[in-house]
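Order-wise, the sequence lines are chains A and B.
All the letters of the first sequence, read from the start, carry residue numbers 1 to 286 under this note's numbering.
All the letters of the second sequence, read from the start, carry residue numbers 1 to 575 under this note's numbering.
Rather than coming from a laboratory, the hints here were simulated on the basis of the structure.
One or more hints might be untrue.
[Claimed, not checked] DSBU-like mimics (lysine-lysine), calculated; alpha carbons at most 35 angstroms apart, straight line: (1) Lys-279/A / Lys-522/B; (2) Lys-185/B / Lys-171/B; (3) Lys-185/B / Lys-127/A; (4) Lys-185/B / Lys-41/A; (5) Lys-185/B / Lys-165/B; (6) Lys-279/A / Lys-66/B.
[To be verified] Covered stretches of chain A (in silico footprint by chain B; criterion: 3 or more residues with CB under 8 angstroms from a CB of chain B, positions within the stretch not fixed): (7) 22-28; (8) 55-65; (9) 78-88; (10) 110-120; (11) 266-276.
The model shown is predicted, which means the values in this text are computed figures rather than measured ones.
Using N, Cα and C, we set each Cβ at its ideal position, and we do this for glycine too.
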Amino acid sequence: MDHRIYDLDGIDNQWCPGCGDFQILEALKKALAGLELPPEKVVLFSGIGQAAKTPHFMKGNFFNGLHGRSISNATGMKVANRALTVIAIGGDGDMYGEGGNHFVHTIRRNPDITNIAHNNMVYGLTKGQASPTSSVGFKTPVQVDGVFSEPFNPVAVAVALGASFVARAYSANIDQTVGIIKEAILHKGYALVDIFQPCVTFNKVNTYAWFKANTFDLPEDHDPTDRMAALQRALEGPPYPLGVLYKVEGRPTFEDSMGCYYEDDTPLYRRVYGPERIKDLLASFR
Amino acid sequence: MFRFPSKGNSDLSLVLCGAAGQGVQTLEEILVDSFRKAGYHVFASREYMSRVRGGSNSTELRVSSKRVRALVDRMDILLPLNGGIRANIRERITPETLILGDAVEIKDELADRDGTFLNVPLMEKGREAGGPVYTGIVAAGLLAGLLGIPPEIPEGLLRERFIAKSEQVVKNNLSAFEKGMGLFKELVAPKGVSADIPRGKEASGEMMLNGSDAVSLGALAGGCDFMSSYPMSPATGVLTFLARHARSHAVAVEQAEDEIAAINMALGASYGGARSMVSTSGGGLSLMGEGVSLAGITELPVVLHIGQRPGPATGMATRTEQGDLNLAVYCGHGDVPRAVFAPGSLERAFRLTFDAFNLADEFQVPVFILTDQYFLNSFYNVPEFDTSGLKVRRFLVESGADYRRYEVTESGVSPRSVPGFGGGIVGTDSHEHDETGHVQEDFELRRRMVDKRLRKKKGILSRVIEPTVTGPKSYRNLVVTWGSLYHIVEEALERAGLQGTAHLHFDQVFPLHPGTRSYLEKAERVIAVEGNATGQFADLVRKETGFLIEERVLWYSGLQVPVETVAARLLKLLR
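Chain B on its own, in the form it takes in the complex (with noise of 0.2 angstroms):
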């Protein structure tokens, strides 16, 4: 007996496996837009081996009455559509997890694990339908049976993706479909394997997307008319989808022999009065350090998306961490000033991209949106965005005879023009330079210079985005958070219930909020939680703040902490 959900809880975890080119991914998207189509509301998470072919990728598929938006560890059940299933997963399976696979295909690979298998032979199915291609559609068909989905929710999206290729290959895809359905209804139904998660109107017209797709949506909202990046795992998503859009969306968009190019196509861009972004992770934003540097000096405005993985050097390519706050905060050499934001949900990574555009116009100066691989590959659906007041300023000025780009004011925000903006010259030096940016070396004109650029740091600290706190007004215990780990400690919370415990999250990691430390001398207990070995957000916290959070739970295997884990952690900490 199977029912859903599993005792405790509201969802039901769902894990799908199989090799890179096998069609893990199609099946995924096919169930993700016909289970919220139908009313759920869907979380969806991948990892992923850094190969083209072969290997073995999951994808975590969470289904549920209520918004769902955080990683479990929980697997209720595990589709594998292949052999070799990594550690990762087979180390999730308990008594309760239900594994539904193809003995001809899984083998004995999971006669010595505890979860309980139910054979159906999928690739037998998917032969029928038209060859093992199918065998991925058939196992659609079967999820959406045992969730009860109306069949021509998923059949109208299979027709619209494959209708491309041609009628045969649309009917095959519908005959797997149907054969799935019918494995339902004749091999699990009657072993007592049911769903009873009721499905709501809500989910069915909210959009389904990614991180990826979030930060590219802020940027063309932002004004991003300009991108140049070296393709590198797991930033690449934004980049292709600015390349999708080009045309439509008027950018600009260019694959750099280097990240070093790409930073420098960039500035001339937006020395050119572009709006002007790279996406790259922290190996690339290693090489663009100079870059970033070169941006404080010219005062030129770039929006650096950095999707970061676990490093040092290639690190683990297509896995997770939150290592390169510190990269972020301190890359290029003498002092720059800049503004690093770190979205904990969708919704903020649409509106901080955006916003980075303007403060970026704004200020003349670099500005980071810090995400992560998992943040990047997590889909859930989210009302959609809203854009009304969202305004894109330029803070460009018609240049006259005279005009000097790097007059000294008192805000150190010198009136921006562009070359061929009115009658004057735009000159800009990578060098130390006067008003009218011609090198100069010049001992006092250095001071006014370096004065000039860091009383930036005030209108900038001007626009800082505040911490969110959640939880109990008045609390003892906080646990401090930062870039996507959000909802994952939000819903860990929520399963641990600790009394008198709220939950202090950033959005923006750099400047920090001046507000900081009082949230912080509020509480009794501080706890950070990070992805990364050593805390470095906690240690950015004591050197900006000068308070110390010596409480760390930290995470850095490559995967993405699940909710279960920080909550054990946290219990284990404070109870």
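So that you can see chain A by itself, here it is in the shape it has in the complex (with noise of 0.2 angstroms):
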């Protein structure tokens, strides 16, 4: 499939020229053209940020929610119709620090969905302020000192949570993107992809030239089933491993286990429900 047919006509794309959201824009619209998925059985969730934007420049169905709470409502989606393929979308700021305790929680929930984090360790739509991924000493307007929290680390946090899948990519490698993302949306589990992103616009040390000489590809003998080694690849860098670090198949999902499936596998949009439902419960209250 063409990955063109993800493109959307009379958009006007607001991110900065050179910008490495563009490039992400681009890996995931390959990604699911390269899996053969028509736009209407994609659905898109994203909070707020310029990363959380991305459904606004591509197609398909898509709900651009609050700051923070995409990986909830894509939760819900997903339990609502278990057929299509969801995936919530939005950077650094959103997923790990708006969001973060949803992000924890989802983790654990394991629902198949694909969490991809632009992750460009600043605040793009604010104007410049740290993001939880910041550096120890990263100035900003706010940060005037520098940052004085020790950045937070997704991919360890989400390995020591026992998410089912966790990938780190850099978005200017797009052809190591765009498989990434593909093997993250086959993964049935969650699957967290954070996405190392410049901003060429607020963060000027963690530029092109800085993330291609701090960050390797996970060589060749890295297990991703091993959960230690995984540990340890997400804790090591600068520089830092790109890759699956972690991988674990056949875990069950949240809405495989949900009671609207236990004798059913019709999604609940085409249910339909008579007073029949209840005459057994009303009984027992007799």
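Hints given; two lone chains; assemble the complex.
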């Protein structure tokens, strides 16, 4: 399938020229088309931030919700209809800051969704403040003496929480990013794809040159089913390893465990309910 | 001599109290079921402390030949299972109160009280039956003896309840029960204690349930198939009910990490075509405020059950109040069309929760069910809910290639599709958006979209529930209530015997029925009775209709206001 099927006409893209978001958008379209998924079978969830605008720049069902809540919206959707491909996409502030609690507990739930986080280590939409992943010492108009807090390590947290798929990519490596996103979508269960992405306007430290110098591909002998090895790799850097850090197959998904699918596979929107649904319950109160 | 019913009453009011974990609940449930199956009308209301063990919780049971559905202050009999009886119970003891208790356990705690204490060795008999854990069942036997309950009824219930544990446990329970009946015959009846309350046939075949059950049944009847919530007293009962029946009745139930996730999962599911619900209390609703606002702009249906308790903040976690009306009506930034129900009876709670799902789907708005701790934890018998004519309506369309989720229509309601239903794209956005759901900063479009959403208010109003008027058709005085006060005020007015006084009760508190003002104008005096400190409903009535209800009977101790207090306050104002 040609990935241009995902192009949307007449859009006014608001990203800065040279932004890594363009590369991620392109990679996502290529991954979806490469998997032969038509736009009407794909649902994109996002929150607030520059990355969260992605659903407005490509074709597909979308729910652009509140700041930090997209993976909760996505989890509900996946329960309502298991046949669709559900992707939650947003930036490091959205996923790891405002949505931190949901990030932790969605990983524990393991819904079959793909969680793409554009990680540029800075806030773009609000103009240059620190993000949860900014390095210590990073100076901003708010963190005037440099960031004091330790950076949040999403991949290590995800491995520690037992996420069933954890990967890290770098937006400039388009082919590798496409491959990782495809693998994440195919993975049955929660999949985190943290994607390093330069912010050309507000982050003058973590630039294209910096990411190039500070990333490397995971060696071929990395065993993604080895959780301790994955954790070790996740804690490494700089330079940071790129690729699938951890992957465990066969874990039951959240939506499959739900009572609504115990005896019935029909998506919820197709279900018909009548008064007979509670007949036995009414009798039980007599 | 204690003959029940006591003078001037037609029912027996019995109060049981004990520590959490001591089996008051088992005792209460066995008694309630036994009394009803034997043909009595029964009301039971529980008040409890926010702790897992110890303390002192109580249950009021009213047993009658007529329907009883309200809390009274009067205690004909107090049966404490242990000491540490709290002031809210002790203050209700009068010379007419018979106290049945074990002197070993109660010691001289009630020595300075007016009530008549009759020592019954409940503990000793419990121990004889197998251990102190059976003390409550001894008490059940004693009270069943007083009310002349055929022993096979409670015995059957005990067998049913404990058979899963072991035959020995059943045997011990039956033995405890029998010892209790014996205590009545040997120690209590000889002191002239008797009850003469005729039993009928009506109640024995009816349902016995509480507010949590009624809301949950209404939700299932209404097609609820997705529930995400964070446990919060007193609203947890609806979550546990649906969890218990999740597999058998095909509901997705999830305990979310917080209320923010709960409402956002519910809205995600609703976007996917589920009939979603959340259950929380005021504090949880505060956290859900942004989600309510999201439901407003995304036009996603969701039903919110709000079990009120006293605030602000943590307030009194296990107590009752009607203090979250303002929050339900106004929560969420921006203008969000909505409906708020506040059922006054179990029948209405069932029906209005059912209706809430259709209303939410028809107009793509949040719909609130406002209850409170008193309502959720109070049981009474009702005829089986009528489900004939209940039709779950889905209001979904298949999308075509040119589908626009937010098509501007005259009614304000856009045809709703969901992803995967048809070949179209379903877009939704928390930003102001165009018809396809994409963010646009266009000031003309903004006005069109706001107007479109607000036009739905007309449709919501066309479905509004009429308030209930009881009492004389032409009235001088009008008592106005909403939510859980319905039956309490009904009985209070009956008791007060005020001439020319009617009762106007609102099962729907927002939007208000267009006839509201004309009901109020017909009266010379209007008095609002509310379970909050400021008269939130009276204020809402003024804002919506311009009619000022100046006289207000307000109650906010954390305990539900009893019938006698309402009657006395109304008599003081109106006589």
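Hints, verified against the model:
1. The hinted pair formed by Lys-279/A and Lys-522/B fails the criterion: a straight-line CA distance of about 43 angstroms is larger than 35 angstroms.
2. For the hint linking Lys-185/B to Lys-171/B, the alpha-carbon distance of about 21 angstroms falls within 35 angstroms, and the restraint holds.
3. Our distance criterion of 35 angstroms between C-alpha atoms is broken by Lys-185/B and Lys-127/A, whose separation comes to about 83 angstroms.
4. The hinted pair formed by Lys-185/B and Lys-41/A fails the criterion: a straight-line CA distance of about 74 angstroms is larger than 35 angstroms.
5. Only pairs whose Cα atoms come within 35 angstroms are accepted, and Lys-185/B paired with Lys-165/B is accepted, the gap being roughly 30 angstroms.
6. Restraint check: the Cα-Cα separation between Lys-279/A and Lys-66/B comes to about 27 angstroms, which is no more than 35 angstroms; the hinted pair holds.
7. Counting residues of the stretch 22-28 of chain A whose C-beta lies closer than 8 angstroms to any C-beta of chain B gives 0; at least three are required, and the coverage claim is violated.
8. Counting residues of the stretch 55-65 of chain A whose CB falls under 8 angstroms from any CB of chain B gives 9; the rule of at least 3 is met.
9. For the stretch 78-88 of chain A, the stated coverage by chain B holds: 6 residues have a C-beta nearer than 8 angstroms to a C-beta of that chain, and at least 3 were required.
10. Proximity of the stretch 110-120 of chain A to chain B, defined as three or more residues with a beta carbon under 8 angstroms from a beta carbon of that chain, is not established by the 0 residues found.
11. Note: the stretch 266-276 of chain A has 9 residues with beta-carbon separation from chain B under 8 angstroms; the three-residue rule is met and the coverage holds.
In terms of the numbered hints stated before, the structure departs from hints 1, 3, 4, 7, 10, listed from lowest to highest.
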